Amino acid sequence: MNEYAITIQNLTKKFEDKTALDNLSLQIAKGELFGLLGPNGAGKTTTINILCGVIKPTSGEAQIYGYDVQKETQKVKELIGVCPQETAIYPYLSGAENLELFGNLHGMSKKLLKERSKLLLGKLGLSEDAKRLSAKYSGGMKRRLSLILALIHDPQLVFLDEPTVAMDPQSRHAVWDFIREQKKQGKTVILTTHYMEEAEELCDRVGIIDHGKLIALGTPRDLIAEGQVKNLEELFIKLTGRTIREEA
Amino acid sequence: MKIQRVAALAKKELKKTIREPAVLFMIFLFPVVFVFAFGASLGGVGGSQTVTYNIGVLNLDHATAVNASQTLLTTLHDTKIVNIHVYATNKTAQSDLSQGTVQAVMVIPADFSQSLASYQAAPTAPSQWINTTLSLYLDKGSLIATEAIPPIIQQALLSVAGQSQQAMQSPFGIQTASLVEVKATSALDFIVPGMFTFASIFLIMMVAQSFTQDRENGMMKRIRITPTTPTEFMASQVVSYMGIALIQAALVFAMTYALGFRPDVGAPEYGFAFVLVLIFSLSNIGFGLITATISKTASAATGLSFIFLLPQLFLGTFVGASLSGSAQVAGKFVPSSYVTNALTSLFLRGASVASPTILLDFTVVSVSCVVILAAGIVLYSKYCKI
Chain W
0 MNEYAITIQN
10 LTKKFEDKTA
20 LDNLSLQIAK
30 GELFGLLGPN
40 GAGKTTTINI
50 LCGVIKPTSG
60 EAQIYGYDVQ
70 KETQKVKELI
80 GVCPQETAIY
90 PYLSGAENLE
100 LFGNLHGMSK
110 KLLKERSKLL
120 LGKLGLSEDA
130 KRLSAKYSGG
140 MKRRLSLILA
150 LIHDPQLVFL
160 DEPTVAMDPQ
170 SRHAVWDFIR
180 EQKKQGKTVI
190 LTTHYMEEAE
200 ELCDRVGIID
210 HGKLIALGTP
220 RDLIAEGQVK
230 NLEELFIKLT
240 GRTIREEA
Chain U
0 MKIQRVAALA
10 KKELKKTIRE
20 PAVLFMIFLF
30 PVVFVFAFGA
40 SLGGVGGSQT
50 VTYNIGVLNL
60 DHATAVNASQ
70 TLLTTLHDTK
80 IVNIHVYATN
90 KTAQSDLSQG
100 TVQAVMVIPA
110 DFSQSLASYQ
120 AAPTAPSQWI
130 NTTLSLYLDK
140 GSLIATEAIP
150 PIIQQALLSV
160 AGQSQQAMQS
170 PFGIQTASLV
180 EVKATSALDF
190 IVPGMFTFAS
200 IFLIMMVAQS
210 FTQDRENGMM
220 KRIRITPTTP
230 TEFMASQVVS
240 YMGIALIQAA
250 LVFAMTYALG
260 FRPDVGAPEY
270 GFAFVLVLIF
280 SLSNIGFGLI
290 TATISKTASA
300 ATGLSFIFLL
310 PQLFLGTFVG
320 ASLSGSAQVA
330 GKFVPSSYVT
340 NALTSLFLRG
350 ASVASPTILL
360 DFTVVSVSCV
370 VILAAGIVLY
380 SKYCKI
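Chains W and U, in that order, give the protein sequences.
Numbered according to numbering that gives the first Met the number 0, the first sequence spans residues 0 to 247.
Numbered according to numbering that gives the first Met the number 0, the second sequence spans residues 0 to 385.
FYI, nobody ran anything at the bench for these hints, they're computed from the structure.
No experiment lies behind these values; they were computed from the predicted model shown.
One or more hints might be untrue.
[Unchecked claim] From the structure, some residues in chain W lie toward chain U, with a derived Cβ separation under 7 Å:
#	residue
1	Gln69
2	Gln73
3	Glu77
4	Leu78
5	Pro83
6	Glu85
7	Ala87
8	Tyr91
9	Leu100
10	Asn103
11	Leu104
12	Leu111
13	Lys130
14	Phe177
[What the hints assert, rightly or not] Computed footprint of chain W on chain U, listed as stretches where at least three residues anywhere in the stretch have a Cβ under 8 Å from a Cβ of chain W:
#	segment
15	2–9
16	14–27
17	210–224
All C-beta atoms, glycine included, are put in the ideal place defined by N, C-alpha and C.
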């Protein structure tokens, strides 16, 4: 049986003359909380989009739980949940209606959908606002609802693409707790972020991508020790000569 | 295909239509308000106002024992919606037509009575008839004249010959009339078929906006990540927009009924009209998808949707009849003109659902709408992904 949740082999993606992903190879174990780090445009979202079957790679292969992401897309989609970078929710539906829609798209039963909705809305503090139109939510509430949408069907593998962007500190810590809980439940979590402290706080291992290439891979502690730096932010500067928040 | 997914997406689309004020206005309120404003100005609220038509007559008929021309004029007079003005020369008749004194000039040919006599002598032997043609000059500036007068005269001709309205052969011909009967007579009645078509056309804009919006805000991508298949997604969109088209048609019908529209037709004809509007909505969904394919943003989609919306509107609804001859020929290339024509035949001319003219229109609408929808789905799937 395959011990890896994700296996990526020599993955390359070119958009016309720009190489977004350059021969990336990576393995992520089941139950691991893995941080994919890098500045904007480094190739993090492109990697996720390929793994979700949304875009095709120029070359290379990737498997999720042993299923080829290009050939067995339907099977892959049943296993994954994705919280995209943009706050993707239907503003003219209430929080509960958004969950009901995506639960139905995942083929959930009414009973299970109701239970999961109640549980997740409660954990992220949206129970009282579940029946309000999501257009009237604050930015942080919308981000939390978007996160719940990714998890409504209880997927084995969760991609969280910049889940705490533009969140206030309180909401961010609530989301961190929630992410830790997903790991405890045995889910594999792939977190992309350019907040280095977030990665240090949460991740078992991190991979740093720059210009589509994997330039560092390991546990935050090992990488900091090997690089003889104070934190991942300093490591990134040492490796690239730039800060992570600069545009690539 | 999983019905659960199709139903969930269709329900979401319907909620959007009801909850988004701009969509609600464009899809439902605009057609209703338009029908009310336009219909009230033409038909009056609470009942159809009967209009009358002034028809000039130049009678060249050499009446024999059978005075067919007199019978025709009496028949027209008895309709109580036609005022006959008899002229001695074509010149004075044409002069009055150009001045707007009369809305049409009818020239009864010299052999008119002879033609009727030949028909009455051998009603089942068309080869023995003396065929003749009435010349009809219409006021092209009058929508009502061009739409209403030819069928009225045709009906009177049938009556003179003692034929039923379904008769397919007659010794009499006129230049533009159809062989079916006009039963309604108010100005409102003549624009109602085009109003049904008009309301559905705005689906083009709504579909284009909806797809581009969902693409812009990442919802299309989010749905693609679920196990929903492209077929399920497209089916949900078609179902929901057909449902919207049905509600639109019901609202337009209710509004025109309130304004006095009372066609002398039964439930099968109404049912057929709604089916026709539903099929027509497929082409509007298709045009909407094509617009969404070529539009990068929702605002661009709004503008570009007029590429398809305006021809359908001007060439195929109640506006079309008052356009030039070449524009009316161009109307043959838009599905809306066939829908309007079929509804006009059904509601105004009293044609049955199974009549050749309606079946022809129905076939053209069905085939063209399915082709346009298929083209929209293929283009959108290829260039935008679902």
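Against the structure, the hints come out as follows:
1. Gln69: violated, 14 Å
2. Gln73: holds, 6 Å
3. Glu77: For W:Glu77, the interface hint holds, since the closest Cβ of chain U sits about 5 Å away, which is under 7 Å.
4. Leu78: violated, 10 Å
5. Pro83: holds, 5 Å
6. Glu85: holds, 4 Å
7. Ala87: holds, 4 Å
8. Tyr91: With Cβ-Cβ at 4 Å, under 7 Å, it holds.
9. Leu100: holds, 5 Å
10. Asn103: holds, 4 Å
11. Leu104: Check passed: Cβ of W:Leu104 comes within 4 Å of chain U, closer than 7 Å.
12. Leu111: Given a least distance of 13 Å, the restraint on W:Leu111 is violated.
13. Lys130: violated, 13 Å
14. Phe177: violated, 19 Å
15. 2–9: It holds: at least three residues are needed, and the segment 2–9 of chain U offers 5 whose Cβ sits within less than 8 Å of chain W.
16. 14–27: holds (count 4)
17. 210–224: holds (count 8)
The structure is inconsistent with the numbered hints 1, 4, 12, 13 and 14, although it conforms to all the rest.
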